[in-house]
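Visitor: For reference, the chains in residue letters:
Protein chains: 2
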Amino acid sequence: MELLKTKIKEDGKLIGSNILKVDSFLNHQIDPELMAEIGKEFARRFEQEDITKVLTIEASGIAVALMVGLELGVPVLFAKKKKASTMDGKVYTGKVKSFTKNQVYDISVSSKYLNEGDNVLIIDDFLAMGQASQGLIEIVENSQAKLAGVGIVIEKGFQPGGKQLRKQGIRVESLAIIESLEDNQIIFS
Amino acid sequence: MELLKTKIKEDGKLIGSNILKVDSFLNHQIDPELMAEIGKEFARRFEQEDITKVLTIEASGIAVALMVGLELGVPVLFAKKKKASTMDGKVYTGKVKSFTKNQVYDISVSSKYLNEGDNVLIIDDFLAMGQASQGLIEIVENSQAKLAGVGIVIEKGFQPGGKQLRKQGIRVESLAIIESLEDNQIIFS
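As they're listed, the protein sequences go chains A and B. At position 93 of the first sequence (counting the first as 1) the number is 93 in UniProt numbering, and the numbers step up by one without a gap. At position 57 of the second sequence (counting the first as 1) the number is 57 in UniProt numbering, and the numbers step up by one without a gap.
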């Protein structure tokens, strides 16, 4: 998606050869017009799939997922990192390993909002090691719903998450895949 | 906003005489069409104000704030509950007291995205004790920006947060104000 790649080139900030900061438009400050375009692009790519629900994880996946849900005309569901005090009843849980914090935590959704009749599109802002996506896939599996695919705004192609998901036979659509952040340059695949 | 009140009546769940669960359309599962209508309504109410930025707090404020930002054509900024490892540099901080957890925590935004030239509209999904709003107001004050007002989807009118904000001279626009949840009934003001 050229609009996104241009935005990453213009506004992304590199920290070393591993971290790309896009908090001016994606995951702290948010550019609503860009989110709307991203929503349209994911909807276009998955429009043949009869998606019934968009699933993401709080917090920075929510904006993207909302625009996808709006375009597809289906509800959006976000997994919570902590079980809310008002989240009564049965939940579906997935495990997410955090490499930066070196710990495993649970994410969960209420079982009321996901079931075997659903065809789920997972949406997230970033894909690197793939742990958030794997946790969301675990939730989809636990709910007996069907998984239509995973839509990612920015995939770090030099980290193994995307490769692993595709090896599992999952359709992964990434709007920008970064091949390298070395030598202070952003190189797309 | 009648559409919202109807939705609350139809899909809201009461727990005792104090808790209204709206996690089927607002803060766990999200109804994108409703969010779009809510965004339009806030934009209509604040269109004379020359808003330059919409500010909210993760996670459940993000969806509403995004649609307001889209309608007003301005960026959305969400305060984080934990300082992210990639959030370098100066931040503006506000304090939020959690009554359910009986603790005070900091919320913060990067100083890059808020400054004295901004006219800020604070958006949140719920207003009860008003602590999240007060924390966001503290951030706006610390940044020297102007505060245009506070937009709330559901205000619990029987708790003191809204009254306190209005006493401070702040314009508060709530799309649905709940007067009482007693006797298993939702009564709007």
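Please keep in mind that the hints were generated in silico from the structure rather than gathered at the bench. In this text the structure is predicted, and so the values were computed from the model without any measurement. Where hints are given, some of them may not hold.
Note that the list lumps identical chains together, so a pair holds whenever it fits in one copy or between two copies.
To be verified - Taking lysine-lysine pairs in the DSSO-like style, the calculated list, with each CA pair at most 30 Å apart, reads: (1) 95 - 9; (2) 90 - 40; (3) 101 - 90; (4) 95 - 7; (5) 82 - 7; (6) 40 - 101; (7) 90 - 163; (8) 5 - 82; (9) 82 - 21; (10) 13 - 146; (11) 112 - 7; (12) 112 - 81; (13) 112 - 9; (14) 112 - 5.
Visitor: Now, for every hint given, state plainly whether the structure supports it.
Guide: Results of checking the hints against the structure:
Proximity of residue 95 and residue 9 under a CA criterion of 30 Å is satisfied in neither setting, with 33 Å inside one chain copy and 35 Å between copies. Taking identical chains as interchangeable, the C-alpha atoms of residue 90 and residue 40 are never at most 30 Å apart, the minima being 33 Å within one chain and 35 Å between chains. Taking the shortest Cα distances, residue 101 and residue 90 sit within 30 Å of each other both inside one copy (28 Å) and across copies (22 Å). In this assembly of identical chains, residue 95 and residue 7 lie within 30 Å of each other by CA distance neither inside one copy nor across copies; the values are 32 Å within and 33 Å between.
With identical chains, the CA atoms of residue 82 and residue 7 are at most 30 Å apart between copies only, with a shortest distance of 26 Å across copies and 32 Å within one. Taking CA atoms no more than 30 Å apart as the test, residue 40 paired with residue 101 passes in neither setting, with 34 Å inside one copy and 40 Å between copies. Within a single copy, residue 90 and residue 163 get their C-alpha atoms no closer than 33 Å, and across copies no closer than 37 Å, so neither meets the 30 Å cut-off. For the homomeric pair residue 5 and residue 82, the shortest alpha-carbon distance between copies (28 Å) is at most 30 Å, but the shortest distance inside one copy (33 Å) is not.
In this assembly of identical chains, residue 82 and residue 21 lie within 30 Å of each other by CA distance both inside one copy and across copies; the values are 25 Å within and 17 Å between. In this homomeric assembly, residue 13 and residue 146 come within 30 Å of each other (Cα to Cα) only across copies, at 28 Å, whereas the closest approach inside a single copy is 37 Å. Proximity of residue 112 and residue 7 under a CA criterion of 30 Å is satisfied inter-copy only: 17 Å between copies versus 38 Å inside one chain copy. Proximity of residue 112 and residue 81 under a CA criterion of 30 Å is satisfied in both settings, with 17 Å inside one chain copy and 27 Å between copies.
In this assembly of identical chains, the alpha carbons of residue 112 and residue 9 lie at most 30 Å apart only when taken from different copies (18 Å versus 41 Å within one copy). Taking CA atoms no more than 30 Å apart as the test, residue 112 paired with residue 5 passes between copies only; the shortest distance there is 22 Å, against 38 Å inside one copy.
Taken one by one, the earlier hints fail for this structure at numbers 1, 2, 4, 6 and 7, listed in ascending order.
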